[in-house]
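Engineer: Here is what each chain is made of, one letter per residue.
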Amino acid sequence: MDSDKSFMKQDCPEKNECLKKLQAILDGEATPEQRTDFLEHHLEECLPCYKNYHLEVAIRQLLKAKCCQEAPQDLIESIKSKCTEKLSS
Amino acid sequence: MEELPKQQYTDAERQHIFNDEFMPHINAMYNFAYRLTLDGDDAKDLLQDTYLKAYRFLDSFQQGTNAKAWLFRILKNSFINDYRKKSKEPSKVDYQEVESYYNSEEVDRQITPDLRVEALKDMIGDEISNALNALDVDFRTVIILCDLEGFKYEEMAKILDIPIGTVRSRLHRARNLLKEKLSEYAKEMGYKTV
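Chains as they are written, first to last, in numbering that gives the first Met the number 0: chain L, 0 to 88; chain D, 0 to 193.
You can trust all of the hints, since none of them are fake.
Cut-off 25 Å, straight-line C-alpha distance, at most; resulting in silico cross-link-like pairs (SDA-like, lysine to any residue):
hint, chain 1, residue 1, chain 2, residue 2
1, D, K120, L, Q9
2, L, K65, D, K186
3, L, K4, L, T35
4, D, K43, L, S80
5, L, K63, D, D40
6, L, K19, D, D160
7, D, K75, L, L74
Source of the hints: derived by calculation from the structure; they are not laboratory data.
Being a predicted model, the structure only gives us computed values, none of them experimental.
Same shape as in the complex, but just chain L (with noise of 0.2 Å):
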């Protein structure tokens, strides 16, 4: 993917159509043509789709990264015990 980028196309007449295809492929409801037609066909040559790429999957990973908080542990004793009790009686 670190090949010379002066090759692709600047501009993307489909960009927003792209898009949506692109996150379709990265959330995992596209069909595997439709993944490798955009990824190993469209995106070595399209400059505009090439970076949204990259951007799609950054902003997942810092979505991950920083907007995952855990329960605290003593809400997760709390409810364990009143579901438990509720269990046995």
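Mind docking chain D on chain L? Use the hints.
Structural biologist: Positioned in the frame of chain L, the structure of chain D alone reads:
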């Protein structure tokens, strides 16, 4: 989900389902509750209510089906019924209106925030979290379900009681809005946007 025949679980089965199928999702559930309410105490209450409900309606849960999706749906419904109404935030937004506004292609063309990966790499603080929290709750929700929890569109449709096409378009808008927020932060951080 309600239409499914009720199960008659033994106490041992109930214990097993609760401990091995429900409890493992407690951190993800807490995070969802926290991101919906944006308040630690409300999140605790919402999580506890949800687990008590899940226990009470355990016979409606079918073993072998997706426990996480089942739990998330209960939490989402509890939030709408018990928290969204009483919440004091002045979000008297007509969601239908928001939806159709963001569905217009015109807006799509306007919202093409020029955000760069390099700018994201410098967002090592709460930027992304703040950007996510700043989104309208419906948009926030789809990003949480998809990008944080990895639910499929079909599962999200069931959790949210909306058609799959709406899931797809709402996600697309939500991501555009998130990028817009992030590019505002990037600008503040001194990154040039074209």
